[in-house]
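Peer 1: Here's the letter readout for the chains.
2 protein chains.
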Amino acid sequence: MQTIPAEKHLKIGGLIFPNMDQCDFTGPFEALSRIPNSTFYTLWKDKEVVRDMRGMQLVPDTAFHEAPQLDVLLVPGGYGQEEVAADEEVLAFIRDQAKRALYVYSVCTGALICGAAGLLHGRYATTHWTAIDVLPLYGATPSDDRVVIDGNYVSAGGVTSGIDGSLILAALLRGDQVAKELQLYMAYDPEPPFDSGSPAKASDNVLSIVRARAQQITEQRFASARRYAERAMDLAN
Amino acid sequence: MQTIPAEKHLKIGGLIFPNMDQCDFTGPFEALSRIPNSTFYTLWKDKEVVRDMRGMQLVPDTAFHEAPQLDVLLVPGGYGQEEVAADEEVLAFIRDQAKRALYVYSVCTGALICGAAGLLHGRYATTHWTAIDVLPLYGATPSDDRVVIDGNYVSAGGVTSGIDGSLILAALLRGDQVAKELQLYMAYDPEPPFDSGSPAKASDNVLSIVRARAQQITEQRFASARRYAERAMDLAN
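Note that the protein sequences, when read in sequence, are chains P and C.
Here the first sequence is numbered in the numbering used here, starting from 70 and rising by one per residue.
Here the second sequence is numbered in the numbering used here, starting from 70 and rising by one per residue.
Calculated from the structure, these hints are not laboratory results.
Fair warning: there could be bad hints in the mix.
What the hints assert, rightly or not - No farther apart than 16 Å at their CA atoms in a straight line, the calculated lysine to aspartate or glutamate pairs in the EDC-like style are these:
no.: 1; chain 1: C; residue 1: Lys116; chain 2: P; residue 2: Glu117
no.: 2; chain 1: C; residue 1: Lys270; chain 2: C; residue 2: Asp213
no.: 3; chain 1: C; residue 1: Lys270; chain 2: P; residue 2: Glu260
no.: 4; chain 1: P; residue 1: Lys116; chain 2: P; residue 2: Asp130
no.: 5; chain 1: P; residue 1: Lys270; chain 2: C; residue 2: Glu260
A quick note: this is a predicted structure, and the numbers were derived from the prediction, not measured.
Bound conformation, chain P alone (with noise of 0.2 Å):
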């Protein structure tokens, strides 16, 4: 599978913002940046120091205004999400890229993001677990796969599976090769410790102290996500 002519340069970039989740994008980062023949902008309103949840700082190389027309766009997520899903400029340069990207790639809560920005109606995607219902107010239908392509918009759900979806992202973009050489870099083989990744799996225990820390923000993304989910569908007819 190899949809890109090899010859043709490759934009990709990814958002950061202000309380994301820093593995949402270090983690794609990792793949979409050794990508052959491509370069990588790191996105935000303007340049300066971007803290993420857990305070890592990261800095931000071209601000919306500079940013070239992306042939893919990253979208991460973390509680920051809900700032920025109620940030027009940040929601316009999101829809403005993606009429024309070949992919648009949410990882985690990014979803939600997108979502605001009236990407989801009509398609399938996924989102960090705690949020996946969520999805069906801004019109998409949820999938529990760790990865869902529909069309140009490529979702991957929480966290880690970021990384999946960006060897996959690697494959259509460059091919399956591609993303084998750049799976053997990053020595992606991975062994977990436990078997308590997702909600199927960890004991009951587990997931409802997990799910607790979590209802908040939980809550928090219903609520905004029915304040926007009408605008979000106005945007997407």
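With chain P held as given, fit chain C onto it using these hints.
Peer 2: Quick look at chain C alone, frame taken from chain P:
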């Protein structure tokens, strides 16, 4: 398994440096920065922006001279490891911290930095598969395991193995329950799209291409290990 009292506040630090491989740091950060009752310090010689091998810009929050005695020190790798392993200021910081840290945790070729700092003598260790044969020059016994625990020195193999190791470390520090909660939050239930994540699993073709790409840095690593090894042995004694 839980060795550290839950009420003991843990100080966890991670090095960043120019031309590092960001994922060696950011993968473990995702778990380690969420360990209950802990503070995470992002460390370098100064607080200027650091660019990873692919240009991602990270900012340290703590300079070496400001750092407290750490309970855990994370040492990532990447091509910039070569310069760091020759930098006496960094090596002295690592050696000094290692004396009283509960764990030194190297990811990828961070092991070679620890080797140059004299920490590997007589230890079992692992590193990125392209560099595994360099370890004996630093007095270490190489292991093919993805994560190796040898007393207070923990090492993970290439890049993404740092995620597995960080969950193991979370279990060592705070018990299995905490690690399982982190794994569920991170949705770490990996589904690599190909079976190409280790030299044993990759095709000959993929392996020879990725190995050839790393040949120059591998040769450099052997050459510098030969230069640093004697000093490292002296430091170890």
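Peer 1: Any of the earlier hints contradicted here, and which numbers?
Peer 2: Hint check: nothing fails, all pass.
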